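*Asks:* The lines below spell out each chain.
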Amino acid sequence: MTSALNPKYSFDTFVVGAANRLAVTAGRTVTANPGTAYNPLFIYSGSGLGKTHLLMAIGHAAKKVAPALNIEYLTLDEYVEAFHAAIAAGQGDVFRRRFQNVDVLLVDDVQFLTNRKEMQSELLRLTEALQTAGRQMVLTSDRPPAEIGDLDERLISRLSGGLVVDIGVPDYETRVAILRRKADERGAKFERGVLETVAGAEFGNVRELMGALNRLVAFQAVNDASINAETAKQLLGLSVPAGAGVAAGAAAAVRGAGGAGGAGGGAGGDESGAFLAHVTVTVGKAVEAWRARVAEAMLRWEGEGYRTQRLEALLKQDAPAAVDEAIADFAQDVERLKELEAEVAQLDPQAAGQSVFRDPERLGEAEEAAAKVRGGAAPPPGPSAAFPLAAFAVGPSNQVAVSAVQAVLEHPGKKYNPLVLVGKSGHGKTHLLHAIGLELAHKRRAVVACLSTQAFIDELIAAIDGNRVDWWRARYRRATALLLDDIHLIAGKERTQEELFNLFNLLQDKERQLVFTAPAAPNTLQGIEERIVSRLEGGLVAELKEPDRDVKRAVLERMLGLQKVTPEPALIDYLADRPADSVRTLMGAVQRVVGAAAAQDVPVTAGLAREVLEGSAPRDARRSTGLRTSGIVVSSLGGVKSREKMVWDWTDPADRVIEEFR
Amino acid sequence: MSLVNFTTREITCKIVYYGPGRSGKTTNLHYIYGRVPDSRRGRMVSLATQTDRTLFFDFLPIDLGQISGFATRFQLYTVPGQVYYNATRRLVLQGADGVVFVADSQARQLDENLESLQNLQGNLLEHGVDIRTVALVMQYNKQDLPRELILSAADLDDALNFRAVPSFGADALHGHGVFETLKGISELVLKKLAAGSPA
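So the sequences go chain by chain: A and B.
For the first sequence, my numbering begins at 4 and goes up steadily by one.
For the second sequence, my numbering begins at 5 and goes up steadily by one.
Pulled out of the complex, with its shape left as it was, chain A reads as follows (with noise of 0.2 Å):
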């Protein structure tokens, strides 16, 4: 059913030139690694340019890599007719399984694939067979993937995911070439100028080019007399229209005078192309002998799966310096590269995948990369160091959480585990969770993973994405200590709790200390499954509640410091005792006032901190209206507004009825 390979279409018998290097390199490259360089290969050009002489030259030269590899070349239309002769005959499944066993699958022509629906799935099926099993395709047709008509997107994605390579039209230089083999080959020999007259013609494909030779070889057997170049161009009809329209009449004079006295028409033709001929060989010599070079390495380079942007950018060079260094260099880089990655991959399989080791350019990342996983593996994400311990303002509003925190860092997953650590935004949760953190981090071998739950569900996501959820899991097993901040987001989240859970069970078993923050105890929480619930509720859920005077005067104190302000007691008391349901609160108000004084250029006092907290006019505006007040100012909303007469901190209604009773 399938053509044979035609024995005389090999990778020997293949002129290679600019035009077709590039395919040629490809093909080359598939038949040394068979299913893992570039799945599928395709080639396409125009007619008569070499597609099924490459096609065929890579089955040879695969089989004579591995003889005993299964090797089909057939044209889509023998594929179509396979296709059909199964179904007649009821073999429709014989049929797949015999094209899912080869080895390299050629197939010829595939742009006939127009308005073929069946074949498109046909062939889709296929090639995600063979390549799941790691099999090669090499396709050829006229046009690329996309231009193909009608064609199914799932398949143009396909055959344009490996390499899509085009051969273009030969140069002067690879026609003279393939005219000496072709003659050669003939055993017809011609005079000097003859081949080289043929090849100036530009003949649109090698097919045509043939065609001219032969008449040519046909010509000197029957008249059995070398012919010349002359002759050639008239058996071929190629002669220099002789009239050819020249626009200034000195111009005519001069030609009329040049075809006198020189050697005849013909020699002028000859003239131009010989000078064509002299150009092309001394083009040909500087320019393509360093960039065949670089492409080809990065052909080879880029086949292998590494990054070759700095060959591209030799490429973009004028005349770069040095191209063989350059060259040597980037493959030094790559060899060091893959000896990391080999290195990397007995530790740690899944991290020798990341890019750094596909890409010379981070090389030093690279060896960082594998440093950190020789080092025990790239850790997960650890607590910021702006949260410290030392910074966090104890008072009677957070001791419960402070001693329960206390105790933790004294016992490490053995007293409190898990802690919960409950309270509203801007109380300190996730302050106290990273000082956590950065305390045991301090201890001799410890691995603190201390994150956003958001951050964790997002790692586990892109490891899902990134197929390496192994990885991931092993990352987070190996860690000391797990801390998430505000893990009432993974609600709704199933995967993500389907890992917290077998991670928490496996930290609590080896008595790894879990720390969880929550807006809320977790019991009220919604949308997370019981079993996690309860693991939650089962260690000590501790409340931060809102900020006391001792918390936000600890605070103030150091924020005001930090804003290198000298606090007057009177601010610090003032601020304290203002209502504030959060720290972040109170802190917003201090960067007000800061911030006012800095702009107004006065010292920070309690006075600019009640003018810009109250809103009160400034004191300029005040004086402008010239009225004298008793500090009582009716606003106009009619409520009073005394900025001494007003109570801030209400006494417990408790104790006021208690004092309402004496």
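Check before you lean on any hint, since a few could be wrong.
[As the list claims (entries may be wrong)] Listed below are the simulated SDA-like cross-link pairs for lysine to any residue, each with C-alpha atoms no more than 25 Å apart in a straight line: (1) B:K187 <-> A:E233; (2) A:K513 <-> A:G591; (3) B:K195 <-> A:V179; (4) B:K187 <-> A:D327; (5) A:K375 <-> A:R481; (6) A:K418 <-> A:S455; (7) B:K196 <-> A:D327; (8) B:K195 <-> A:A280; (9) B:K196 <-> A:A325; (10) A:K319 <-> B:Q125; (11) B:K195 <-> A:A180; (12) B:K195 <-> A:T285; (13) B:K196 <-> A:A280; (14) B:K187 <-> A:G196; (15) A:K66 <-> B:T16; (16) B:K187 <-> B:R13; (17) A:K341 <-> A:R31; (18) B:K187 <-> A:V179; (19) B:K187 <-> A:T285; (20) A:K319 <-> B:Q79; (21) B:K187 <-> A:E176; (22) B:K195 <-> A:A22; (23) B:K187 <-> A:E194; (24) B:K187 <-> B:Q125; (25) B:K18 <-> A:K418; (26) A:K319 <-> B:E14; (27) A:K417 <-> A:R481; (28) B:K187 <-> A:A180; (29) B:K195 <-> A:L318; (30) B:K18 <-> A:T285; (31) A:K319 <-> B:T16; (32) A:K319 <-> B:A75; (33) B:K196 <-> A:R296; (34) B:K195 <-> A:R447; (35) B:K196 <-> B:P65; (36) A:K496 <-> A:R480; (37) A:K341 <-> B:Q125.
I should point out that these hints are in silico values taken from the structure, not numbers from a laboratory.
All of these numbers come straight from a predicted model, not from anything done at the bench.
Following the hints, complete the assembly by docking chain B onto the known chain A.
*Replies:* Okay, now just chain B, sitting in the frame of chain A:
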């Protein structure tokens, strides 16, 4: 001007035919125009006076097609030879990759040749180019004239070719030596490509 553009894969060589008035620069271009196949040449732009003296300059683009994957073009220019068109000459010289100095072989034109050569040197200097670094060949035109009227190529070499650049005897009217000259200059120009990269 970049001779080789790797991004667009183009090679463009600008070659200027320089020399005294009536030495045969335009004739060189006409001969080339007549010999290059239609498909390869662009329109020759020639601005000539009634008496066929070049008024501004001649321009002949030649497209050599894809060479080693590079779209290769030659742009041939001539300058007006007469002394009073120096501004035009300087303009045309700008960005030249190579210069063909077309000398008139007639003995009585020797001074004009020398003057034009000095003018070339001066104009190149105006563009910041040292004549010693530019790709330059000499063409001794009108070698077909009677022996007694002209100086031999060897004599002219002695008189004009101080730097021993490649020189060609020529008869531009009949085409002798025209393409040899073009080959000579293109080789020099293209060698510049090689200079930058280790071969």
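*Asks:* Hints numbered earlier in the text: which of these fail when held up against the supplied structure?
*Replies:* 2, 4, 10, 15, 25, 34 and 37
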